[in-house]
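Trainee: Letter by letter, the chains look like this.
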Amino acid sequence: MSAPASKRGPLSRALMQMREDLWLQGVAISTLTVALAIMGVYLVVAFNLHQSLAHMLGGPSLTLVLAAQASPQRGQELAAELSRVPQVKQARYVDRAEALERFRRQLGPHRRLLDDLQENPLPDTVEVVLAPGIAPGQELMAQLQSRLDVAEVVASRPWLHRLEQAANTAGDLALALGILLFLGVVLMVSNTVRLAVHARRDHLELMALVGATRGYMRRPFLVEAVLQGLAAAALASLVVWALSLVLSAPSKLPLGLQLQQLVTYPRLLPLVLAGLAVLAGLMGGFLGVGRTLRLRGSV
Amino acid sequence: MITLEAVSKIYPGRREAALQEVSLQVPPGEFVYLTGPSGAGKTTLLRLLYGAELATEGRVLVGGTDVSRLPPRRLPSLRRRLGVVFQEFRLLPKQSVFENVALSLRVAGLRGTPLLQRVEEVLEQVKLSDLAQAAAGTLSGGEQQRVALARALAPGPALILADEPTGNLDPDNALMIMRLLVGDYVGGATVVVATHDPTLLSLVRGARVIHLQQGRLEQVA
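Protein chains in written order, with numbering that gives the first Met the number 0: chain A, 0 to 298; chain B, 0 to 220.
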């Protein structure tokens with residue numbers, strides 16, 4: 000009789016019962032891996048869309064083109080002045096040299112096209128980011144237009160406001176879809192645990208007979224579900240990482256976009272999946288064991 | 000130790016009662032044989048005692064606890080004070096003899112050296128020390144029943160319930176099991192043995208014999 004045999008906490012009991020049925024473990028972990036991988040892909044898509052939207056929505060919604068005679072100092076003053084307007088989130092003076100440099104960067108491999116320019120054709124501007132929910136309406140534009148040294152006000156992306164509204168709605172839908180996916184994972188865990196309970200019903204009946212409480216019988220199943228969830232989360236992270244590698248292989252899209260710039264693998268994804276797996280393991284474990292553990296009638 | 004007051008049990012979907020108005024008192028430390036043909040209600044009576052079934056009518060008291068009204072959450076504490084042995088052993092066949100015996104102690108919260116010592120002690124009593132690490136499923140019928148008995152005795156129960164404990168055993172093994180159910184081995188516990196084998200009745204001196212017939216208590220000898 001070895002000393003370690005005398006110690007049987009929930010973890011030890013869970014590992015012991017997992018060893019007894021490796022086939023069941025394989026089925027449970029692979030099923031959960033598929034479910035968590037779907038969840039992972041969803042999270043990657045949501046993360047990348049969110050990043051792209053944040054990038055787009057974070058850009059200027061109005062551009063104030065300054066009159067040719069306006070000095071850089073006047074441009075700075077105007078930007079500071081506009082920053083204090085309630086509807087404005089941020090205002091920044093961009094001189095023509097910076098604008099040209101930015102344009103050069105945006106052209107990427109075609110930047111040499113600008114080398115033949117005799118002079119910089121771009122004007123000095125003040126870029127204005129409006130506060131969330133503020134639309135670049137006619138009234139606001141007229142108000143800005145009336146300022147000294149402003150030659151023109153350009154609503155650089157008039158669709159931005161509508162995109163912002165659509166993004167908010169899409170965010171709510173995405174959250175609902177995410178919750179549904181998570182509930183799907185919980186139900187899957189619950190069914191796997193129910194299967195495990197069924198496979199070990201003789202053992203459980205015996206435990207009930209010698210005075211085990213429901214909690215004592217339930218704990219190893221919860222630990223088992225969490226361990227399976229963690230293993231599945233690790234595998235699912237690998238699957239999603241491999242998929243993102245394939246998708247981010249250099250391939251040109253229309254408008255000169257690169258797919259690899261649109262698909263980023265979030266570094267925290269394995270942790271997020273592990274957290275969701277632990278939560279799903281606990282919830283699914285409770286649901287799965289639930290009323291299947293009977294102390295009366297079955298023994 | 001045990002008090003039954005006009006206990007009846009009718010299983011759902013059945014017209015005939017498995018037990019009909021059975022009243023009985025068993026003082027602590029007494030050895031009781033529960034006899035009768037198959038279907039007489041012996042197993043039902045035992046199941047009422049360890050809370051596997053609820054009485055349809057009447058009261059079942061075990062050690063002062065009214066089992067007939069016990070909510071499920073309080074069953075574990077009752078069962079830790081009982082030892083139950085079945086005809087078909089009901090062991091964990093893939094687990095060792097040690098683990099099978101230790102089960103009832105672990106459930107009661109015993110750990111470490113006290114657990115090891117207690118299991119060794121009980122295995123010594125049932126003469127199975129040499130087979131402690133053997134898988135229970137590989138043992139003979141007699142050995143398996145001794146493991147089941149060791150599991151029931153390990154926590155030192157105040158009441159031992161045995162349902163046809165020798166039903167699957169040859170006469171020698173049956174004798175050995177019955178010897179283990181009396182005297183010092185059970186530490187003064189009350190013992191109730193259900194059997195339809197009349198040859199067992201002479202094995203325990205001074206035992207009370209309670210005869211059941213079609214769910215009714217017919218004779219107390």
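These are computed hints drawn from the structure, not numbers from a lab.
Incorrect hints may appear among the rest.
As the list claims (entries may be wrong) - Under the rule of at most 25 angstroms between Cα atoms (straight-line distance), these lysine to any residue pairs were calculated in the SDA-like manner:
hint: 1; chain 1: B; residue 1: 126; chain 2: A; residue 2: 20
hint: 2; chain 1: B; residue 1: 93; chain 2: A; residue 2: 11
hint: 3; chain 1: A; residue 1: 88; chain 2: A; residue 2: 62
hint: 4; chain 1: B; residue 1: 93; chain 2: A; residue 2: 87
hint: 5; chain 1: B; residue 1: 93; chain 2: A; residue 2: 218
hint: 6; chain 1: B; residue 1: 126; chain 2: A; residue 2: 62
hint: 7; chain 1: B; residue 1: 93; chain 2: A; residue 2: 20
hint: 8; chain 1: B; residue 1: 93; chain 2: A; residue 2: 198
hint: 9; chain 1: B; residue 1: 126; chain 2: A; residue 2: 52
hint: 10; chain 1: B; residue 1: 93; chain 2: A; residue 2: 110
hint: 11; chain 1: B; residue 1: 93; chain 2: A; residue 2: 202
hint: 12; chain 1: B; residue 1: 126; chain 2: A; residue 2: 200
hint: 13; chain 1: A; residue 1: 88; chain 2: A; residue 2: 131
hint: 14; chain 1: B; residue 1: 93; chain 2: A; residue 2: 201
hint: 15; chain 1: B; residue 1: 93; chain 2: A; residue 2: 200
hint: 16; chain 1: B; residue 1: 93; chain 2: B; residue 2: 136
hint: 17; chain 1: B; residue 1: 126; chain 2: B; residue 2: 140
hint: 18; chain 1: B; residue 1: 93; chain 2: A; residue 2: 9
hint: 19; chain 1: B; residue 1: 93; chain 2: B; residue 2: 167
hint: 20; chain 1: B; residue 1: 126; chain 2: B; residue 2: 60
hint: 21; chain 1: B; residue 1: 93; chain 2: A; residue 2: 204
hint: 22; chain 1: B; residue 1: 93; chain 2: A; residue 2: 21
hint: 23; chain 1: B; residue 1: 126; chain 2: A; residue 2: 193
hint: 24; chain 1: B; residue 1: 126; chain 2: B; residue 2: 71
hint: 25; chain 1: B; residue 1: 93; chain 2: B; residue 2: 126
hint: 26; chain 1: B; residue 1: 93; chain 2: A; residue 2: 8
hint: 27; chain 1: B; residue 1: 93; chain 2: A; residue 2: 22
hint: 28; chain 1: B; residue 1: 93; chain 2: A; residue 2: 104
hint: 29; chain 1: B; residue 1: 93; chain 2: A; residue 2: 226
hint: 30; chain 1: B; residue 1: 93; chain 2: A; residue 2: 131
hint: 31; chain 1: B; residue 1: 93; chain 2: A; residue 2: 62
hint: 32; chain 1: B; residue 1: 126; chain 2: B; residue 2: 203
hint: 33; chain 1: B; residue 1: 93; chain 2: A; residue 2: 212
hint: 34; chain 1: B; residue 1: 93; chain 2: A; residue 2: 24
hint: 35; chain 1: B; residue 1: 93; chain 2: B; residue 2: 71
Stated by the list, open to error - Ranges between beta-carbon positions, derived for each pair:
hint: 36; chain 1: B; residue 1: 38; chain 2: A; residue 2: 233; range: 27 to 35 angstroms
hint: 37; chain 1: A; residue 1: 172; chain 2: B; residue 2: 70; range: 31 to 39 angstroms
hint: 38; chain 1: B; residue 1: 116; chain 2: A; residue 2: 175; range: 52 to 60 angstroms
hint: 39; chain 1: B; residue 1: 195; chain 2: A; residue 2: 29; range: 45 to 53 angstroms
hint: 40; chain 1: B; residue 1: 27; chain 2: A; residue 2: 22; range: 19 to 27 angstroms
Using N, Cα and C, we set each Cβ at its ideal position, and we do this for glycine too.
Trainee: Taking the hints in turn, state whether each one holds.
Mentor: Hints, one by one, checked against the model:
1. B:126 / A:20: violated, 32 angstroms
2. B:93 / A:11: Roughly 17 angstroms separates the two Cα atoms, so the pair holds.
3. A:88 / A:62: Roughly 14 angstroms separates the two Cα atoms, so the pair holds.
4. B:93 / A:87: violated, 73 angstroms
5. B:93 / A:218: With a Cα-Cα distance of about 21 angstroms, the restraint between residue 93 of chain B and residue 218 of chain A holds, given a limit of 25 angstroms.
6. B:126 / A:62: Cα-Cα ~94 angstroms, so violated.
7. B:93 / A:20: holds, 11 angstroms
8. B:93 / A:198: Distance of about 14 angstroms is within 25 angstroms: holds.
9. B:126 / A:52: Given pair residue 126 of chain B, residue 52 of chain A is violated - Cα atoms ~76 angstroms apart, limit 25 angstroms.
10. B:93 / A:110: Answer violated: residue 93 of chain B to residue 110 of chain A is near 74 angstroms, above 25 angstroms.
11. B:93 / A:202: holds, 11 angstroms
12. B:126 / A:200: Judged against 25 angstroms, a Cα distance of about 30 angstroms means the pair is violated.
13. A:88 / A:131: The hint holds at about 8 angstroms.
14. B:93 / A:201: Given that 25 angstroms is the threshold and the Cα spacing comes to 12 angstroms, the pair holds.
15. B:93 / A:200: Since the Cα atoms of residue 93 of chain B and residue 200 of chain A sit roughly 14 angstroms apart, the hinted pair holds (cutoff 25 angstroms).
16. B:93 / B:136: holds, 6 angstroms
17. B:126 / B:140: holds, 14 angstroms
18. B:93 / A:9: holds, 19 angstroms
19. B:93 / B:167: holds, 20 angstroms
20. B:126 / B:60: Answer violated: residue 126 of chain B to residue 60 of chain B is near 34 angstroms, above 25 angstroms.
21. B:93 / A:204: holds, 16 angstroms
22. B:93 / A:21: holds, 14 angstroms
23. B:126 / A:193: Status violated; Cα separation ~39 angstroms.
24. B:126 / B:71: Violated, at about 36 angstroms.
25. B:93 / B:126: holds, 21 angstroms
26. B:93 / A:8: holds, 19 angstroms
27. B:93 / A:22: Measuring from Cα to Cα gives roughly 16 angstroms; hence the hint holds.
28. B:93 / A:104: Violated. Residue 93 of chain B to residue 104 of chain A sits at ~70 angstroms, over the 25 angstroms cutoff.
29. B:93 / A:226: holds, 23 angstroms
30. B:93 / A:131: violated, 66 angstroms
31. B:93 / A:62: violated, 77 angstroms
32. B:126 / B:203: Holds. Residue 126 of chain B to residue 203 of chain B sits at ~21 angstroms (cutoff 25 angstroms).
33. B:93 / A:212: holds, 23 angstroms
34. B:93 / A:24: Roughly 18 angstroms between the alpha carbons, so the hint for residue 93 of chain B and residue 24 of chain A holds.
35. B:93 / B:71: Outside the cut-off at roughly 29 angstroms; violated.
36. B:38 / A:233: 27 to 35 angstroms: Since the Cβ atoms of residue 38 of chain B and residue 233 of chain A sit about 56 angstroms apart, the hinted range of 27 to 35 angstroms is violated.
37. A:172 / B:70: 31 to 39 angstroms: Since the Cβ atoms of residue 172 of chain A and residue 70 of chain B sit about 46 angstroms apart, the hinted range of 31 to 39 angstroms is violated.
38. B:116 / A:175: 52 to 60 angstroms: holds, 59 angstroms
39. B:195 / A:29: 45 to 53 angstroms: At roughly 51 angstroms between Cβ atoms, residue 29 of chain A and residue 195 of chain B fall inside 45 to 53 angstroms, so the hint holds.
40. B:27 / A:22: 19 to 27 angstroms: violated, 49 angstroms
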